[in-house]
Amino acid sequence: VDDDGIKVVQVWFDKKNSVVVLAITATLRIRNSNFYSVTVTSLTSQVQYMNTVVGTQQITNVSSIQPLSDKLVNFTVKAELGSPFSYVYFFCTFPKVKVHNIVIFMRTSVKLSYIGHVMQSALETYHYVDCSTNSTLTQDPPLSPSSTRGAAKAKLES
1 VDDDGIKVVQ VWFDKKNSVV VLAITATLRI RNSNFYSVTV TSLTSQVQYM
51 NTVVGTQQIT NVSSIQPLSD KLVNFTVKAE LGSPFSYVYF FCTFPKVKVH
101 NIVIFMRTSV KLSYIGHVMQ SALETYHYVD CSTNSTLTQD PPLSPSSTRG
151 AAKAKLES
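Numbering (full-length UniProt numbering), first residue to last: 1 to 158.
Errors might be hidden in some of the hints.
Straight line, CA to CA, 16 Å or less: simulated EDC-like cross-link-like pairs of lysine to aspartate or glutamate [claimed, not checked]: (1) Lys71 to Asp2; (2) Lys96 to Asp70; (3) Lys15 to Asp70; (4) Lys111 to Asp2; (5) Lys71 to Asp4; (6) Lys78 to Asp14.
Distance windows between CB atoms, simulated [claimed, not checked]: (7) Asp4 to Asn34: 15 to 23 Å; (8) Tyr128 to Arg31: 24 to 32 Å; (9) Ser109 to Asn34: 16 to 24 Å.
Hints are computed from structural coordinates only; laboratory data are not their basis. Since we're looking at a predicted model, the values are computed, not measured. Think of the CB as a built atom: it goes at the ideal place given N, C-alpha and C, for glycine as much as any other residue.
Could you build all of it, start to finish, from the sequences and the hints given here?
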């Protein structure tokens, strides 16, 4: 199981209660290097801000992955940053600040089953999230076929 990043962040503000609500859509790349299908039976994700859990999500019967293949699995976690983090509301809505990034920590675990066995895989990642506005990850345009393999590798690593 590998992190494939955060794809979309939707942001709502509750001015009355000084709360920022984030709907964070992230993607996992799950690889199956076996010669038999693997079922993703559950996915659990937790979002933390400043070592405090601000959102959780659990999904069951997620997906099936064919032999010798991989699959992208999207999931959305709703995170609420209010009291004791009401200062985040003021930071995220402060117009004089150009960049409103906060750091979140995501702990995600996936349960896989295959041929009567159950396995759990966990992933812990930090992400910068813009809390001032809705955002969607933009993809780089595909490399042209005339690019050399070394140039393509350098582009992917940057």
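Inset, instruction - For the pair we were handed, Lys96 and Asp70, check the Cα-Cα distance against 16 Å. - result: The given pair, whose Cα atoms are some 44 Å apart, is violated under the 16 Å limit.
Legend entry - 16 Å limit on alpha-carbon distance, applied to hinted pair Lys71 and Asp2: 11 Å, holds
Inset, instruction - Please work out if Lys78 and Asp14 have their alpha carbons no farther apart than 16 Å. - result: With a Cα-Cα distance of about 14 Å, the restraint between Lys78 and Asp14 holds, given a limit of 16 Å.
Inset, instruction - Compare the distance between the alpha carbons of Lys111 and Asp2 with 16 Å, and conclude whether the hinted pair is satisfied. - result: 14 Å, holds
Legend entry - Hint consistency between Lys71 and Asp4 [alpha-carbon to alpha-carbon, up to 16 Å]: Status holds; Cα separation ~11 Å.
Inset, instruction - Given the range 16 to 24 Å, decide if the beta-carbon distance of Ser109 to Asn34 lies inside it. - result: 20 Å, holds
Inset, instruction - Could you say whether the range 24 to 32 Å given as a hint is met by the Cβ separation of Tyr128 and Arg31? - result: Holds, at about 26 Å.
Legend entry - Distance restraint between Lys15 and Asp70, which requires alpha-carbon spacing of 16 Å or less: 43 Å, violated
Inset, instruction - Hint says 15 to 23 Å; check whether the CB-CB distance for Asp4 and Asn34 agrees. - result: 20 Å, holds
Against the hints set out earlier in the document, violations occur for numbers 2, 3.
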